[in-house]
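Peer 1: Each chain, letter by letter, is given below.
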Amino acid sequence: MVPTLSVDRLRISFSHRTGIIEAVDGVSFSIAPSECVGLVGESGSGKTQIFMAAMGLLDGNAQVSGSVRFEGNELLRVDGPTLNRVRGSQLTMIFQDPMTSLTPHLTVGTQLAEVMVTHLGMPWKDARSFAGRMLERVHVPEPKRRLTQYPHELSGGMRQRVMIAMSLLCEPSLVIADEPTTALDVTIQAQIIELLRAVRGEFGMALVLISHDLAVVAGLADRILVMYAGSVVENAITGELFKHPRHPYTAELLKCMPSVTGPRLDRLPTLAGQPPRPGEVLEACPFAPRCPRAADRCRVERPQLEGSSTSQVACHFPLTA
Amino acid sequence: MGGLADAAARRSRTNPAAVVAVAALCVILVLTWLGPWISPNNSQTLDWLHIAARPGMQSSHWFGTDRLGRDLFVRTLAGTRVSIAIGLAASIISLLVGVSYGAIAGYIGGRTDHLMMRLIEILSGLPLIFFVIFLTVIFGRSEYLLFFAIGAVGWLTMARIVRGQALSIRQREFIEAAIASGAGTGRIILRHVVPNVIGPVIVYATLTVPQIILFESFLSFLGLGIQEPGASLGTLIAEGAGEMEAAPWILLVPGSFLAVLLLCLNIFGDGLRDALDVKDG
Numbered sequence: 011m012v013p014t015l016s017v018d019r020l021r022i023s024f025s026h027r028t029g030i031i032e033a034v035d036g037v038s039f040s041i042a043p044s045e046c047v048g049l050v051g052e053s054g055s056g057k058t059q060i061f062m063a064a065m066g067l068l069d070g071n072a073q074v075s076g077s078v079r080f081e082g083n084e085l086l087r088v089d090g091p092t093l094n095r096v097r098g099s100q101l102t103m104i105f106q107d108p109m110t111s112l113t114p115h116l117t118v119g120t121q122l123a124e125v126m127v128t129h130l131g132m133p134w135k136d137a138r139s140f141a142g143r144m145l146e147r148v149h150v151p152e153p154k155r156r157l158t159q160y161p162h163e164l165s166g167g168m169r170q171r172v173m174i175a176m177s178l179l180c181e182p183s184l185v186i187a188d189e190p191t192t193a194l195d196v197t198i199q200a201q202i203i204e205l206l207r208a209v210r211g212e213f214g215m216a217l218v219l220i221s222h223d224l225a226v227v228a229g230l231a232d233r234i235l236v237m238y239a240g241s242v243v244e245n246a247i248t249g250e251l252f253k254h255p256r257h258p259y260t261a262e263l264l265k266c267m268p269s270v271t272g273p274r275l276d277r278l279p280t281l282a283g284q285p286p287r288p289g290e291v292l293e294a295c296p297f298a299p300r301c302p303r304a305a306d307r308c309r310v311e312r313p314q315l316e317g318s319s320t321s322q323v324a325c326h327f328p329l330t331a
Numbered sequence: 408m409g410g411l412a413d414a415a416a417r418r419s420r421t422n423p424a425a426v427v428a429v430a431a432l433c434v435i436l437v438l439t440w441l442g443p444w445i446s447p448n449n450s451q452t453l454d455w456l457h458i459a460a461r462p463g464m465q466s467s468h469w470f471g472t473d474r475l476g477r478d479l480f481v482r483t484l485a486g487t488r489v490s491i492a493i494g495l496a497a498s499i500i501s502l503l504v505g506v507s508y509g510a511i512a513g514y515i516g517g518r519t520d521h522l523m524m525r526l527i528e529i530l531s532g533l534p535l536i537f538f539v540i541f542l543t544v545i546f547g548r549s550e551y552l553l554f555f556a557i558g559a560v561g562w563l564t565m566a567r568i569v570r571g572q573a574l575s576i577r578q579r580e581f582i583e584a585a586i587a588s589g590a591g592t593g594r595i596i597l598r599h600v601v602p603n604v605i606g607p608v609i610v611y612a613t614l615t616v617p618q619i620i621l622f623e624s625f626l627s628f629l630g631l632g633i634q635e636p637g638a639s640l641g642t643l644i645a646e647g648a649g650e651m652e653a654a655p656w657i658l659l660v661p662g663s664f665l666a667v668l669l670l671c672l673n674i675f676g677d678g679l680r681d682a683l684d685v686k687d688g
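So the sequence lines, in the order shown, correspond to chains A and B.
According to the numbering used here, the stretch in the first sequence is residues 11 to 331, in order.
According to the numbering used here, the stretch in the second sequence is residues 408 to 688, in order.
Chain B extracted, bound-state conformation (with noise of 0.2 Å):
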């Protein structure tokens, strides 16, 4: 992999955005888990004598409180780490998953590949929506569950887009030769087959990392996810929405940091996509 890599990081640096992107991300990163040491304030403790302060610099709320003066500062950092924690973690379930799932489908191909195509078409079908909230429901809210629904969905394009890969590879004359060469059926999947899909699966990782965050927004806006007095992006924004007219920066500094997390991302993701086209042979 270290050509693969070195060509990589070569090529980044002829593409601006994504280095600009990179850098912002390392910032959003580091004042996530600095964020609680920088400012005086806590996530949880109510302010009464600054209740929906307006952003200054002259009390200690620098991006000013929400309605029961809570300092949205600290609780946009902290409903931030949650956001990329769970982006990070149901990626990271989907990329286990719909790897092996996706490479095994499409290297033993025939009537196995058949089978497990069909599961993934039926799996597809369920409304998502309808699945948190019956998984709710049975398991009751926590942040793990949240993890464990979307990253149960999440991988299903990830395994149909390995197993597109592992399709073509497995006509390649270099498997029929490891065949040959006497490995067995795990090991040229292992060796042979997902190191040569690992480009497009990693620049599928780095563009699911955002839209799981933003589904996550969108359940947490919903109420079905992330529960006070916890925070992430989307319960933050679904509160702000309540206040918009009153309190617009309560919507705006959540709003603001969705966006830019997910732009970064998105560029940065891109960006990896131009960097890892590398031309084998």
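With the rest of the complex left out, here is chain A (with noise of 0.2 Å):
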């Protein structure tokens, strides 16, 4: 079965006056059909950057490497016509600031019409009947009257639910979903979850999650991938991951989260030191100065992604179950 998205070896990094900074540093991993993955890391860890690749989105000062095949098709390093067959009708992506993706001069209306109008050559007026009825399914409250509004008229949770509607209008083969929550307020997160859920068992599409909060990607993933600095440390089963982390990098962000039912903290626990700094070339484990379990071996050596498909782990002495 040729997966979704297989992204093997991939490495980005960007000229700058103060040199040459590594993004993402040799990240392999493959998607299949209809499969929720999620991608947590910190800011700086690289896991935007990959799918900026894959959508021909990298800045000019960008040089890629590797690969990215989207249903077997290489994505990296073809023209713009080329991509544009793909991207916008079978990729699609969901941006993080809803408040800002969508062009302040052009009714909701238009914007989604316009995709299928370029995508499937489909005629305005059925292009725009069918942007209401995908608005509908995405429970947007008066579909027929947000058609012929602007995008300043509508809520900031309203927007992100018109920039699903807009990312599922060709029946895409695989949604990604950058920090599709973090713009918005808590209660409205929740609802957007559950509506990319929703969603994802109705269309059937394959979905990446990306964000900073383990919570979010928690209740929706079936596998997650762990980022540190430019490369995947653990990728494994969502229950495994809570249950059993393997990388003490996931172990300490584990410890961080808060719980509802545990004892009362008074302090979050937070995780010492500081990520590296882009731009160093590190021989060593990128995590071994901020972790617990470092030892002379991690300093000098630095460990490859290791496994099953389903339970990998960069380290030389992961924690057992």
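I should point out that these hints are in silico values taken from the structure, not numbers from a laboratory.
Glycine included, every Cβ here is placed at the ideal spot set by N, Cα and C.
Possibly wrong hints are sitting among the right ones.
[As the list claims (entries may be wrong)] Computed beta-carbon distance windows for the label pairs:
#, chain 1, residue 1, chain 2, residue 2, range
1, B, 593, A, 271, 21 to 29 Å
2, B, 547, A, 135, 50 to 58 Å
3, B, 434, A, 201, 55 to 63 Å
4, A, 26, B, 593, 43 to 51 Å
5, B, 516, A, 77, 23 to 31 Å
6, B, 552, A, 30, 22 to 30 Å
7, A, 25, B, 629, 50 to 58 Å
8, B, 516, A, 211, 36 to 44 Å
9, B, 492, A, 88, 44 to 52 Å
10, B, 492, A, 95, 33 to 41 Å
11, A, 26, B, 670, 51 to 59 Å
12, A, 30, B, 521, 22 to 30 Å
13, B, 521, A, 95, 24 to 32 Å
[Stated by the list, open to error] Here are some, though not all, of the chain A residues that point toward chain B, as calculated from beta-carbon distances under 7 Å:
#, residue
14, 65
15, 67
16, 71
17, 94
18, 97
19, 103
20, 105
21, 110
22, 111
23, 112
24, 113
25, 125
Hints given; two lone chains; assemble the complex.
Peer 2: See the structure below:
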């Protein structure tokens, strides 16, 4: 079976006046059809850049090597028109900030319809009525009226629903949701996560959920990839990851999550130290300086991601269950 | 665009100066078209009985006549019409060329932008008067040449303004979202970049019309523009300047038309800028 997305030894670096900055450092993983994968990591860990590369959205100073294949077709180093055949129809993205991701001077209906006119060659009239039905499916109240409204007339949650509707118009096989709830307040967050879950059941597409928040990913993802300093450090089935984290970084992250049922804490535990600065070339394990289990070997040899496809860890001394 | 236009209309009602300016502009426009029907005189016939006649209601020459006995009312209106036509035509040329050039340079950026902007700098380094003289020497004098020459230079500033706007719009997230939704470069420039710069563009365009009218008047005053027996506000003023002491009205009539026209266009442009200053998001 051809995976929906397969990323192979992807490296992304940016040339900068201070030198070359490695953002993504040899990442490999694949996503099966209708699978939901969560990608977790702190700011600057490179999680967004992987998918920026897939969508052809990297800045001009980026250098990319490796490969990103979508349903078997290479996405890197292809020209815009070739990429345009899949992006927006088969491979779509939901952006972080719905306040700024819609063009301000076009009505919601026009923006939605335009996607289908471009990709499916649908006549405008049909595309608009289809867009209305899609808004209804993502539970936007009064879809007919929304079509004629401008983005600034909608609330943040409503705009994110519009973005989700837009990503689903051409029945995509993979939707990438890049921090879809970060810009929204907590109650709306829950609604959007619920909507993503419902939509996934209805459309059966694969879904990548990028987030810095383990809690957001936990309820939705089948499998979680944890990223640290540009590489994947752990890859595990969601339940396993929460029960038996194997990488010390994952374990420390889970300790930082407050628990509703556990004892009341005066201070939330935090992870001491800082992630390596981008641009630092590392021979050692990038997590070694902050790791409670670090030994001499960790400071001279970089661990590789090893294990079966559903349980991988990049650590010399992984925790055992 | 409906929302933008509505908001603009709502705000302009609270700006009485702009409303008066628009009303005055409308009156001038209607007069220039109806003038020949209102007055019994023709702009080019000579009235030997009334040479350099004073303005007044006794004869049919309400604004007086010039030193060849031609009716100033009709001539001024004809001249205003030519001036406005040149102003509009040259502004439209500069609008079309400047907006597309600037949007392409700003959106594509990088080396393309660099090359396109250097070309603009070279062109704007050309002394305009020499350029116009040069063109008139080669192609002879004609109104169309004047449209072309002024338009050819007028788009430079427009292109710079649009390019600056496009550069900042290029960074906005909705452009990234549009790329991710599979829109091609041409479509993004047309549908997502150009409509977002339309506010400053309209304002600058309304402010270019008076600039161009003034420039045309200046060229005509120097004898490079519209030729006799045709008239523009510039040629009429040049003619009047010669008779200033003996018959000041020959200067004052077209002069005040020009002043009122420029003032109205400038107030209108200013009002438009305030009215279109709509927050997005």
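Peer 1: Would you mind marking each hint as holding or not holding in the structure?
Peer 2: Quick rundown of the hints versus the structure:
In this structure the hint that residue 593 (chain B) and residue 271 (chain A) lie 21 to 29 Å apart at CB is violated, the actual value being about 57 Å. The hinted range of 50 to 58 Å is satisfied by residue 547 (chain B) and residue 135 (chain A), whose Cβ atoms lie roughly 53 Å apart. Separation of residue 434 (chain B) from residue 201 (chain A) is about 58 Å and conforms to the stated range, judged on CB atoms against 55 to 63 Å. For the pair residue 26 (chain A) and residue 593 (chain B), the beta carbons lie near 31 Å from each other, so the given range of 43 to 51 Å is not met.
At about 27 Å, the CB distance of residue 516 (chain B) to residue 77 (chain A) agrees with the hint of 23 to 31 Å. Between residue 552 (chain B) and residue 30 (chain A), the C-beta spacing of about 55 Å breaks the proposed range 22 to 30 Å. As the Cβ distance of residue 25 (chain A) to residue 629 (chain B) is approximately 54 Å, the hint placing it in 50 to 58 Å holds. About 42 Å separates the C-beta atoms of residue 516 (chain B) and residue 211 (chain A), a value consistent with the hinted range of 36 to 44 Å.
Look at residue 492 (chain B) against residue 88 (chain A): about 51 Å separates their beta carbons, and that is inside 44 to 52 Å. Range check, residue 492 (chain B) to residue 95 (chain A): about 48 Å between beta-carbon atoms, so the 33 to 41 Å window is missed. Separation of residue 26 (chain A) from residue 670 (chain B) is about 52 Å and conforms to the stated range, judged on CB atoms against 51 to 59 Å. For residue 30 (chain A) and residue 521 (chain B), the hinted distance range of 22 to 30 Å is satisfied, since their beta carbons lie about 24 Å from each other.
For the pair residue 521 (chain B) and residue 95 (chain A), the supplied restraint of 24 to 32 Å holds, since their beta-carbon distance comes to about 31 Å. The restraint placing residue 65 (chain A) at the interface with chain B holds, with a minimum CB-CB distance near 5 Å, inside the 7 Å limit. Here the hint on residue 67 (chain A) is kept, as its CB sits about 6 Å from the closest CB of chain B, short of 7 Å. Residue-level restraint check for residue 71 (chain A) is violated (minimum Cβ-Cβ distance to chain B is 10 Å; threshold 7 Å).
Because the smallest distance between the Cβ of residue 94 (chain A) and any Cβ of chain B comes to about 4 Å, under 7 Å, the interface hint for this residue holds. Below 7 Å, beta-carbon pairs count as interface contacts, and residue 97 (chain A) has one with chain B at about 5 Å; its hint therefore holds. Checking residue 103 (chain A) against chain B: minimum C-beta separation of about 5 Å stays under 7 Å; hint holds. Taken as an interface hint, residue 105 (chain A) checks out: its beta carbon lies about 6 Å from the nearest beta carbon of chain B, inside 7 Å.
Given the 7 Å rule on beta carbons, the hint for residue 110 (chain A) holds: about 4 Å separates it from the nearest Cβ of chain B. At its closest, the beta carbon of residue 111 (chain A) sits 4 Å from a beta carbon of chain B; the interface hint therefore holds under the 7 Å criterion. This hint holds: residue 112 (chain A) has a C-beta 6 Å from the nearest C-beta of chain B, less than the 7 Å allowed. Hint status for residue 113 (chain A): holds, given a least beta-carbon distance of 5 Å to chain B, under 7 Å.
The closest approach between the C-beta of residue 125 (chain A) and any C-beta of chain B is roughly 6 Å, which is under the 7 Å cut-off, so the hint is satisfied.
Checked against the numbered hints given earlier, this structure breaks hints 1, 4, 6, 10 and 16; the rest are met.
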